[in-house]
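Residue numbers (our numbering), protein chains in the order written: chain A, 11 to 226; chain B, 11 to 226.
Please note that a few of the clues may not be correct.
The list treats identical chains as interchangeable, and a pair is accepted whether it falls inside one copy or across any two copies.
Heads up, simulated BS3-like pairs for lysine-lysine below, C-alpha to C-alpha not over 25 Å straight-line [as the list claims (entries may be wrong)]:
1. 112 x 220
2. 94 x 17
3. 94 x 220
4. 220 x 154
5. 47 x 13
6. 88 x 47
7. 112 x 136
8. 88 x 194
9. 220 x 28
10. 176 x 220
11. 118 x 88
12. 94 x 157
The hints are simulated quantities; they were obtained by calculation from the structure and are not laboratory data.
Protein chains: 2
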Amino acid sequence: MGKQYGKISMAVIRRLPKYHRYLRDLLDKDVNRISSKELSILTGFTASQIRQDLNCFGEFGQQGYGYNVEELFHEIRKIIGLTKTYNTIIVGYGNMGRAISKYTNFTKSGFTLRGIFDNDPAMIGKEAENITIQSVDELEAYLKNNKVDIAIISTPRDYAQEIATKLSNGGVSGIWNFAPVDLKVSSDISVENVHLSDSLYTLSYLLSQKDDKTEK
Amino acid sequence: MGKQYGKISMAVIRRLPKYHRYLRDLLDKDVNRISSKELSILTGFTASQIRQDLNCFGEFGQQGYGYNVEELFHEIRKIIGLTKTYNTIIVGYGNMGRAISKYTNFTKSGFTLRGIFDNDPAMIGKEAENITIQSVDELEAYLKNNKVDIAIISTPRDYAQEIATKLSNGGVSGIWNFAPVDLKVSSDISVENVHLSDSLYTLSYLLSQKDDKTEK
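This is chain A alone, in the form it adopts within the complex:
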């Protein structure tokens, strides 16, 4: 099991995957060492922010040498929890659910898909990703008999809260939520949202403002 860190701000936590991406790219390019200044140019974070961020998790790098890329990459993987495996299920196997289940980064990184649930009778009993699709009616029984670390909700919005409540009662540790709702679940469950419409609407706001600017 990983190390426990003190209270780390969500802003720092959200930067970890970005460090992970850049370090992987550097490794791919056979770069062995990097200074916080060079890392700053790549990531857009300041060198002092990088040093501060990494200091939350331990002592990395050496004055005058910088960071050993491979070492830091593996440390970041450990910190993020990517050296573990996670039993994962998907609830809602429409277009988005299917796309997520085929997402290579997801399956390659220790997130093992164990169950797929949908409410479409035409789908139930069929195979996908070597798993038999089950009815959502079987979700509660499944959760009683199987430890689920991460449940992915990719149902239409009207079903999402009901499913989340079942997942919450069934003891899942985390929910990766793609439905466009803010879920209400017990506070010991971590919820991470991918609100696609919110993201697209942010973009449309920015574009609308630009239109007006060029018109002036």
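Start from chain A and add chain B according to the hints.
Same frame as chain A, now just chain B:
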């Protein structure tokens, strides 16, 4: 065309889609009016933050009455730019590209899909969403002859920057980027990222920390 607002912080802009979601839900439930206090309970934002946010865009609501839900909903739609239409193309028509193209909230909200591009010879020339899939080699010519508001990048990461550069040179206004890279484009192009791995890795960090807590 919409109204131009002063410099609004990204934090406020990112809350707009959330107001939009909650107001739509209220409308669906035939709620006609709501106080900032009630809206606060729903959204989790404080009442004073809600009033401040909305004040950035005009005068909404009345002391002692609250907000007219329908009116506010339509105003928010205008502010976000959802009363306009956007010529949209998708570059990279794998699982994620297909899921996005079928995403109902997307097509219903004025984001009109005009073009699909991929580099897979088996796909080029086929029809999807009533559009003939074109080769990415034709992207530059397409951009010369067609105004594109939003380009969706859903290619593997190694192709994303090259595509982004072409889109940038070709004059697109905004990029909705699903590839796990931070794109470097001209500053007049708005980029909105959906970094799925980053989101999943944030969740795995939170779960790892929880494991450790229960072990203590």
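These are the hints, each one checked on the structure:
no., hint, in the structure
1, 112 x 220, "neither (36 Å within a copy, 27 Å between copies)"
2, 94 x 17, "within (21 Å within a copy, 44 Å between copies)"
3, 94 x 220, "between (45 Å within a copy, 13 Å between copies)"
4, 220 x 154, "between (52 Å within a copy, 20 Å between copies)"
5, 47 x 13, "neither (27 Å within a copy, 41 Å between copies)"
6, 88 x 47, "within (24 Å within a copy, 43 Å between copies)"
7, 112 x 136, "both (16 Å within a copy, 22 Å between copies)"
8, 88 x 194, "neither (30 Å within a copy, 29 Å between copies)"
9, 220 x 28, "between (28 Å within a copy, 22 Å between copies)"
10, 176 x 220, "between (44 Å within a copy, 20 Å between copies)"
11, 118 x 88, "within (15 Å within a copy, 42 Å between copies)"
12, 94 x 157, "within (15 Å within a copy, 47 Å between copies)"
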